[in-house]
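Visitor: Please construct the entire structure, taking both the sequences and the accompanying hints into account.
Here are the chains, one letter per residue:
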Amino acid sequence: MRADTLLALTIVALAIAFLVRRAVKSARAKKASGPGCDNCAH
Amino acid sequence: MSSTAVSERHTATEPLRVAIIGNPNTGKTTLFNALTGLRQRVGNFAGVTVERVEGGYKMPDGRRIAVLDLPGSYSLSAGSPDEQIALEVLLGRDQAHWRPHVVLVVVDASHLERNLFLASQVCELGLPVVIALNQVDAAAEKGITVDVPALIHEIGVPIVPTVASRGEGVEPLKRAIVTAASLPAPERRFALDHDILAALAPLQVQLEADGFSSSAAAMESLRLLGVSSKEAHLSHVADLPRHLEGARDALRALGLTPQRVEAEARYGWISGVVARTMTRRERSLDTYSDRLDAVALHRLGGPILFVVVMALVFQAVFSWATPLQDLIEVSIASIGRAVGGLLPEGDLRSLVVDGVFAGVGSVLVFLPQIAFLFAFIGVLEQSGYMARAAFLMDRLMRRVGLHGKSFIPMLSGYACAVPGIMATRTIEDPKDRLATIMVVPLMSCSARLPVYTLLIATFVPALPLMPGLDLQGATMLAMYLLGTVTALAVAAVFRATLLRGPVRPMILELPPYRMPAIRSLAISVWQRCQLFLRRAGTVILSLSIILWALATYPHTTPDASLAPAQQQEQQLANSALGRFGHAIEPVVRPLGYDWKIGVSIVASFAAREVFVSTMGTIYGVGGEDDAALRDRLRAETRESGAPAYTPLIAVGLMVFYVYALMCMSTIAVTVREAGGGRLGWQWAGVQFGYMLALAYGAAWLVVVVGRAMGFAT
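Protein sequence lines, in the order shown, are assigned to chains A and B. Note that the working numbering gives residue 10 to position 10 of the first sequence, counting from 1, and the numbers run on in steps of one. So the mapping is simple: the working numbering equals the position in the second sequence, first residue as 1, plus 1000.
The hints are simulated quantities; they were obtained by calculation from the structure and are not laboratory data. The beta carbon of each residue, even a glycine, is placed where N, CA and C say it ideally should be. Take the hints with a grain of salt, since some may be wrong.
To be verified - Here are the computed distance ranges between Cβ atoms for each label pair:
| id | chain 1 | residue 1 | chain 2 | residue 2 | range |
| --- | --- | --- | --- | --- | --- |
| 1 | B | 1704 | A | 3 | 25 to 35 Å |
| 2 | A | 3 | B | 1557 | 16 to 26 Å |
| 3 | B | 1686 | A | 2 | 43 to 53 Å |
| 4 | A | 10 | B | 1341 | 19 to 29 Å |
| 5 | A | 2 | B | 1583 | 46 to 56 Å |
| 6 | B | 1579 | A | 2 | 19 to 29 Å |
As the list claims (entries may be wrong) - With a cut-off of at most 20 Å between alpha-carbon atoms, the simulated SDA-like pairs for lysine to any residue come out as follows:
| id | chain 1 | residue 1 | chain 2 | residue 2 |
| --- | --- | --- | --- | --- |
| 7 | A | 25 | B | 1676 |
| 8 | A | 25 | B | 1535 |
| 9 | A | 25 | B | 1677 |
| 10 | B | 1058 | B | 1014 |
| 11 | B | 1058 | B | 1215 |
| 12 | A | 25 | B | 1606 |
| 13 | B | 1174 | B | 1015 |
Guide: Here's what the structure looks like:
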């Protein structure tokens, strides 16, 4: 595999990890306060 | 015995805890912001704060003060969920929050009589109280003067005149709060008849046995006479219903109406206080607000003015933002080219140019529109015009079976459905509230703006219709009106079927017109822009990267006989995204959409703007030049050579976005506000389902009717 493909796939994996982590955090926060809307910061 | 119900004294080592309470629209949040330096949203209408908001500040001697901004309440009657929050915090019955050491009651100097009802209730809770006599400037303009020393003497608590919007009186108020913490709690300043006291005595004793201070128990026993619903914070008080009914029977035996005892006693005392402390100069002329209202609230002129104002707003959002939008577009394209030039040909370069710059860049260009939209919403809110809009809509709201109060949450929905749904907490009737929750997401929120703007700018010509309004602005207005009118129609259906119930009249206080504060407006617009940029730099960036990967892999060996553009199209069609798109194409084909729009719609269930970034990524990966997305959409053709996108498809797509519920946060807040648990999920499911059906059906109808009228798809 070419180095730049590997780098690109690593960035894709990081993006997936970010979204999963965000979804988990938001699911946990849901009970305590707002639903975590990043459109309006509620 | 509950220790939380007993007044707690503050010690020097811990922060002094202060709760702010007051009638709606008295400037509580403005005062909270002035005290803490925070930037909570403010509006010139009731119901802006529906949650507890906490902040703090330090005194010059280093003492820390924690401040809690409670939702606006006319009384402690706990009729709506937000009033319940306030009562539970003040009584120390809110397990999730601290009980204050001092209560700061914000009183509107122009409406002393009504505001003192709540203040007098708070004064009996056994906590030190300070009163901020706010908006004394507006009262003076109306010819109202309050004798503050006399009022202090009457109520028995420190009172500080303030103009929170200008920061006047804030420093003396801070000092008064610290001083009040060491003062004894005030007591009831009016006397009840011995017979009434005797009737209430068993109830009061029971409440004291449950941990209420003597003063708070006296206030609660009087307040409970007028409360019909069961209150959660009193659910564990032993024998409460029996004692309460006993007290009511005893009062009826005296020839009194139990529900009226508190109001008659308090208002009887308050009217005397007001007569002794307030003077009102006779008004010889109508006020400025009255003269403006003669037009803004006119039976015929009012609605016309409302539509004209909204049309101007959307036209301005469209045309004023365009030069800035073009500048951002050119800048992003230049940076993308420069960065792309630094990287060797390959996947990483494609990721940066076609994924990140084409995807995120296509959303970022809408920053000026977002800024203008929120600036206009801010001006309308702060000036007091939004409250007039609610008044104008009240007749229509009642006709569809909604309470007039529902219009404020619906207006909030223009910015975002989440605070709109939370603002329904001001509505007392659960069926009214639920019906409003179900329709708030139909109001076009700011996340739809990039979708509308892209499609209108690409496919709708800027034909002038009348001075100040062209076809693009009118199309945008039509989308917002479509959402609003449909929301009212759907509410009527809910109120006539699943949520049937009586319609109650609304009492709406019209605030005076005020000049919007430029600083707070600028802060609010900047905060919205920051949120938009953060969203573009996180969620939309991540989704663009993932969509790029789906549009790029697996790699296809190019057919050397094809032209480069066709090779890229072949790669896209064979990618994971292309295969998924072709699989779902039969579902979107009746709407006139190809697989690329189908994929963009599916991706935008994560966030509506992702429609734009997905189109940007798809055309970035599948295209060979760096033309703007608008130009690529116009140039896209089908195999037959006919344009892939036509104005009819664009209108159908916009209608789809007006109706579809594509927002995880809205679903989450509906689950919570509709009762949580299984019930909450059921209502959220109904909401998602009917909106999706409406979106698909309406988009299909647009295409069918359009074709019948001779428009191309």
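Visitor: All hints are to be evaluated individually against the structure, with a verdict given for each.
Guide: Taking the hints in turn, this is what the structure says about them:
no. : hint                         : in the structure
1   : B:1704 with A:3: 25 to 35 Å  : violated, 53 Å
2   : A:3 with B:1557: 16 to 26 Å  : holds, 21 Å
3   : B:1686 with A:2: 43 to 53 Å  : holds, 50 Å
4   : A:10 with B:1341: 19 to 29 Å : holds, 23 Å
5   : A:2 with B:1583: 46 to 56 Å  : violated, 30 Å
6   : B:1579 with A:2: 19 to 29 Å  : holds, 23 Å
7   : A:25 with B:1676             : holds, 19 Å
8   : A:25 with B:1535             : holds, 16 Å
9   : A:25 with B:1677             : holds, 19 Å
10  : B:1058 with B:1014           : holds, 12 Å
11  : B:1058 with B:1215           : violated, 31 Å
12  : A:25 with B:1606             : holds, 16 Å
13  : B:1174 with B:1015           : holds, 14 Å
In summary, the structure is inconsistent with hints 1, 5 and 11 from the numbered list given earlier, while agreeing with the others.
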